[in-house]
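Trainee: What follows is the residue order along each chain.
Protein chains: 2
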Amino acid sequence: MKPVKVGLLGLGTVGGGTVTVLHRNAAEIARRAGRGIVITHAAAKAYNAAAITGLDRIPKITEDAYAVVDDPEVEIIVELIGGYDPALELILRAIDNDKHVVTANKALIAKHGNEIFKAAQDKGVMVAFEAAVAGGIPIIKALREGLAANEIEWVAGIINGTGNYILTEMRDQGRGFNDALAQAQALGYAEADPTFDVEGIDAAHKLTILGSIAFGIPLQLDRTYTEGISRIEPQDVAYADALGYRIKHLGITRKTQQGIEQRVHPTLIPKRRLIANVDGVMNAVLVMGDAVGATLYYGAGAGSKPTASAVIADLVDVTRALTTDPENRVPHLAFQHHALSNARVLAIDEVVTAYYLRIQAVDQPGVLADITRILGDSHISIEAIIQKEPMEGVHHVPVIILTQRIREQNMNEAINKIEGLDSVYGAVTRIRLEQLD
Amino acid sequence: MKPVKVGLLGLGTVGGGTVTVLHRNAAEIARRAGRGIVITHAAAKAYNAAAITGLDRIPKITEDAYAVVDDPEVEIIVELIGGYDPALELILRAIDNDKHVVTANKALIAKHGNEIFKAAQDKGVMVAFEAAVAGGIPIIKALREGLAANEIEWVAGIINGTGNYILTEMRDQGRGFNDALAQAQALGYAEADPTFDVEGIDAAHKLTILGSIAFGIPLQLDRTYTEGISRIEPQDVAYADALGYRIKHLGITRKTQQGIEQRVHPTLIPKRRLIANVDGVMNAVLVMGDAVGATLYYGAGAGSKPTASAVIADLVDVTRALTTDPENRVPHLAFQHHALSNARVLAIDEVVTAYYLRIQAVDQPGVLADITRILGDSHISIEAIIQKEPMEGVHHVPVIILTQRIREQNMNEAINKIEGLDSVYGAVTRIRLEQLD
Chain C
1 MKPVKVGLLG LGTVGGGTVT VLHRNAAEIA RRAGRGIVIT HAAAKAYNAA AITGLDRIPK
61 ITEDAYAVVD DPEVEIIVEL IGGYDPALEL ILRAIDNDKH VVTANKALIA KHGNEIFKAA
121 QDKGVMVAFE AAVAGGIPII KALREGLAAN EIEWVAGIIN GTGNYILTEM RDQGRGFNDA
181 LAQAQALGYA EADPTFDVEG IDAAHKLTIL GSIAFGIPLQ LDRTYTEGIS RIEPQDVAYA
241 DALGYRIKHL GITRKTQQGI EQRVHPTLIP KRRLIANVDG VMNAVLVMGD AVGATLYYGA
301 GAGSKPTASA VIADLVDVTR ALTTDPENRV PHLAFQHHAL SNARVLAIDE VVTAYYLRIQ
361 AVDQPGVLAD ITRILGDSHI SIEAIIQKEP MEGVHHVPVI ILTQRIREQN MNEAINKIEG
421 LDSVYGAVTR IRLEQLD
Chain P
1 MKPVKVGLLG LGTVGGGTVT VLHRNAAEIA RRAGRGIVIT HAAAKAYNAA AITGLDRIPK
61 ITEDAYAVVD DPEVEIIVEL IGGYDPALEL ILRAIDNDKH VVTANKALIA KHGNEIFKAA
121 QDKGVMVAFE AAVAGGIPII KALREGLAAN EIEWVAGIIN GTGNYILTEM RDQGRGFNDA
181 LAQAQALGYA EADPTFDVEG IDAAHKLTIL GSIAFGIPLQ LDRTYTEGIS RIEPQDVAYA
241 DALGYRIKHL GITRKTQQGI EQRVHPTLIP KRRLIANVDG VMNAVLVMGD AVGATLYYGA
301 GAGSKPTASA VIADLVDVTR ALTTDPENRV PHLAFQHHAL SNARVLAIDE VVTAYYLRIQ
361 AVDQPGVLAD ITRILGDSHI SIEAIIQKEP MEGVHHVPVI ILTQRIREQN MNEAINKIEG
421 LDSVYGAVTR IRLEQLD
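Protein sequences appear in the order of chains C and P.
Counting in this note's numbering, the first sequence runs from 1 upward without gaps.
Counting in this note's numbering, the second sequence runs from 1 upward without gaps.
Where hints are given, some of them may not hold.
Calculated pairs, DSSO-like style, for lysine-lysine (alpha carbon to alpha carbon, straight line, at most 27 Å) [claimed, not checked]:
(1) P:K118 - C:K2
(2) P:K271 - P:K388
(3) P:K2 - C:K123
(4) P:K2 - C:K118
Here are some chain P residues pointing at chain C (derived, C-beta under 7 Å) [said to hold, decoys possible]:
(5) V38
(6) T40
(7) A44
(8) I137
(9) G174
(10) L274
(11) A276
(12) L296
(13) G299
(14) V316
(15) T323
(16) D325
(17) N328
With the Cβ distance kept under 10 Å, some of the chain P side facing chain C (calculated, not the full set) [claimed, not checked]:
(18) K2
(19) T18
(20) V21
(21) I29
(22) A33
(23) G34
(24) G36
(25) E130
(26) E151
(27) P218
(28) D222
(29) D317
(30) R320
(31) L322
(32) Q404
Hints were generated in silico from the structure; no laboratory data involved.
Note that the coordinates shown come from a computational prediction; the quantities given were computed from them, not determined experimentally.
Ideal Cβ positions, reconstructed from N, Cα and C, are used throughout, including at glycine.
Just need the whole structure built from these sequences, with the hints factored in.
Mentor: Here it is in structure tokens:
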């Protein structure tokens with residue numbers, strides 16, 4: 001068969017990697033796909049030609065992305081520009097031109113995916129986005145296809161490498177957050193403005209996508225609870241460790257009787273879980289299915305060639321399905337578009353989880369009794385409680401409490417009351433805790 | 001669309017699980033697949049009806065497997081009988097009857113897969129076998145599709161849960177092999193005759209399949225080197241631990257300039273690797289791709305419902321591809337049948353790996369010099385050497401040596417010479433060692 005013709009938008013880190021890997025492994029890929037996959041038209045404002053192998057084999061390179069999207073010879077558009085504008089317009093125009101789309105754009109899919117998939121559905125074209133979640137790990141494929149027999153119960157993932165690197169440094173080296181962040185920036189793992197990664201926005205994009213394909217609900221980015229790691233203190237990392245836990249920045253989505261949980265936040269998890277041992281910039285996604293039980297998928301969540309690996313896997317899939325009846329293709333959100341669920345995404349105060357609490361209390365009799373009474377009144381059961389010895393000349397001591405699972409609203413009420421105690425200093429530190437069993 | 005009609009051969013552990021999960025998750029599966037998947041005809045000599053949910057919804061249950069394979073209404077045959085006879089004949093007859101096949105039969109695919117795939121190719125039907133390797137983990141899909149962009153460099157997997165349970169018990173509880181095996185048998189993790197699992201035969205079946213789909217070579221079970229764990233001693237587990245390693249029973253397949261390595265044997269691997277922390281009956285497969293780097297896939301490698309999860313995922317895939325042009329389906333061995341490689345599978349003495357050696361030597365001057373001279377003469381570099389203190393009244397001491405990578409033939413020669421030394425007692429214990437980096 002003739003090679004399939006691809007138009008590429010963007011020649012940055014991932015775009016360059018895609019050109020390089022497609023060129024380098026062209027024979028291997030064609031042996032699998034049954035035909036070649038060649039980029040015939042690419043668009044980029046600027047690029048580092050020296051860093052890209054095979055760039056000279058692309059017949060047309062332009063600054064005008066619309067020229068690629070409108071190129072009648074091109075069958076598949078690969079969007080690697082990122083961001084919302086003009087990526088959304090370009091993708092919608094590609095779809096309108098009856099072209100299939102492959103994208104790594106997690107922000108765009110999380111925010112505008114419903115609109116994009118509707119347009120693709122109407123036109124009978126595919127939009128593939130494996131590279132949008134966890135880089136090179138084929139987690140979209142695993143969830144949509146590999147686990148198709150299962151009712152998914154929950155998904156929990158380390159889906160931001162920058163945050164995981166920082167938390168790993170804090171634990172291994174005893175660094176503070178700012179120090180670990182500076183280290184991540186020095187190594188190129190964090191941006192000059194790290195907000196997107198450390199405040200959980202990037203993870204929220206990915207988790208929103210995971211929630212949709214796990215449970216067959218429309219993408220609802222604005223309903224995803226998002227909390228970053230910038231307020232994690234070294235003492236909490238140390239106390240967690242002493243109690244047999246590690247703090248990981250997790251994206252968690254879970255199906256409950258009440259609705260779907262979609263939440264990104266720091267989480268204490270038992271050290272003995274395999275995912276607790278995923279360190280540095282690596283990503284991992286743990287999926288609980290009712291038939292298969294727990295499965296875990298681990299690998300590089302970012303980077304030029306790992307992300308290119310996912311983009312090209314999508315290209316092979318789309319190439320294979322070009323002649324397939326649209327009804328028989330894998331649905332965008334794993335479930336048939338007419339069979340999506342209207343299950344509600346829960347607000348964070350409706351979520352049920354366990355907690356780690358650190359309370360600065362006066363070292364005097366009766367304080368623990370006051371705290372445990374408040375927790376009891378809010379129906380919160382205590383799993384463990386540790387009161388540290390006060391340091392010389394200091395009159396307040398940290399009280400660490402691990403609770404059993406409770407609705408977050410109950411916990412908020414209890415924390416308000418605890419903070420109102422005369423014998424308690426400042427705010428209560430609260431970190432959610434999951435057993436992942 | 002009308003439900004797809006499936007014929008099921010075998011109502012044992014996996015067959016029963018398949019009926020149960022297909023029934024329980026029927027709505028969820030249909031929401032994904034776009035149509036129902038129903039078993040209309042099943043065959044089994046005997047079964048435990050009470051353990052299978054949804055059995056009463058199967059219109060026809062017979063003792064005659066050939067009646068199912070010849071049923072003109074059935075589109076897909078699921079073979080869950082296991083073994084070679086009559087499974088091979090049934091599958092070939094199903095193919096001859098233009099039916100697609102889903103099987104969990106690793107022994108059959110590893111030994112007769114080339115013949116089966118040739119017949120399927122000629123007839124334009126699919127034979128899917130996700131459940132044949134690592135149970136519920138979608139590793140076949142990951143390798144054939146998710147990592148399609150990559151030149152695979154190597155694959156290393158814990159692909160036998162029984163063996164992994166025994167090694168985990170030996171490490172955690174300090175048990176001997178026989179003791180740990182008895183424990184595994186008491187818990188139902190090992191058969192009364194455990195040969196198949198502990199001698200690596202089951203793992204060799206799975207590794208043979210992994211090697212073929214990783215590198216696009218025909219299945220060559222008889223070329224897979226197979227060594228079990230029954231000779232692992234508690235002292236080796238302890239010495240490995242002290243040196244920062246764990247002993248795992250791995251299946252390893254690797255592409256080299258000289259050919260393909262396909263080998264199953266106990267292996268020392270660094271403790272800090274994620275796969276070294278896969279314990280108990282769980283399975284995991286680590287894949288190194290040239291673009292994506294290392295990815296790992298973890299989950300239950302056996303059991304009724306986990307294996308059913310993989311069987312049903314295959315049913316969904318086959319259902320989707322029913323109307324697809326055979327040329328555009330995912331090839332059985334990942335690479336197009338006319339593009340398979342004739343790369344040679346290497347004999348074990350051609351393999352290059354590092355080694356752990358334990359030598360029982362007389363506690364006298366000059367012994368270490370003799371041993372290290374022999375290793376040096378065979379071009380074997382020493383990574384670490386530990387000589388233990390002799391116990392009171394004992395005149396021989398264990399010498400532990402970790403070597404760098406060397407061709408196994410060189411190591412065999414060196415071991416022969418070491419065993420010939422007057423100052424060395426008995427056989428040298430040799431366990432291969434891989435850094436997996």
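Trainee: Evaluate each hint against the coordinates.
Mentor: Here is what the structure says about each hint:
| no. | hint | result |
| --- | --- | --- |
| 1 | P:K118 - C:K2 | holds, 25 Å |
| 2 | P:K271 - P:K388 | holds, 22 Å |
| 3 | P:K2 - C:K123 | holds, 24 Å |
| 4 | P:K2 - C:K118 | holds, 25 Å |
| 5 | V38 | violated, 14 Å |
| 6 | T40 | violated, 18 Å |
| 7 | A44 | violated, 21 Å |
| 8 | I137 | holds, 6 Å |
| 9 | G174 | violated, 19 Å |
| 10 | L274 | holds, 6 Å |
| 11 | A276 | violated, 9 Å |
| 12 | L296 | holds, 4 Å |
| 13 | G299 | holds, 4 Å |
| 14 | V316 | holds, 4 Å |
| 15 | T323 | holds, 6 Å |
| 16 | D325 | holds, 6 Å |
| 17 | N328 | holds, 5 Å |
| 18 | K2 | violated, 13 Å |
| 19 | T18 | holds, 9 Å |
| 20 | V21 | holds, 5 Å |
| 21 | I29 | holds, 6 Å |
| 22 | A33 | holds, 7 Å |
| 23 | G34 | holds, 5 Å |
| 24 | G36 | violated, 12 Å |
| 25 | E130 | holds, 8 Å |
| 26 | E151 | holds, 5 Å |
| 27 | P218 | violated, 14 Å |
| 28 | D222 | violated, 25 Å |
| 29 | D317 | holds, 7 Å |
| 30 | R320 | holds, 5 Å |
| 31 | L322 | holds, 7 Å |
| 32 | Q404 | violated, 26 Å |
In the structure shown, a violation is registered for the earlier hints numbered 5, 6, 7, 9, 11, 18, 24, 27, 28, 32, in ascending order.
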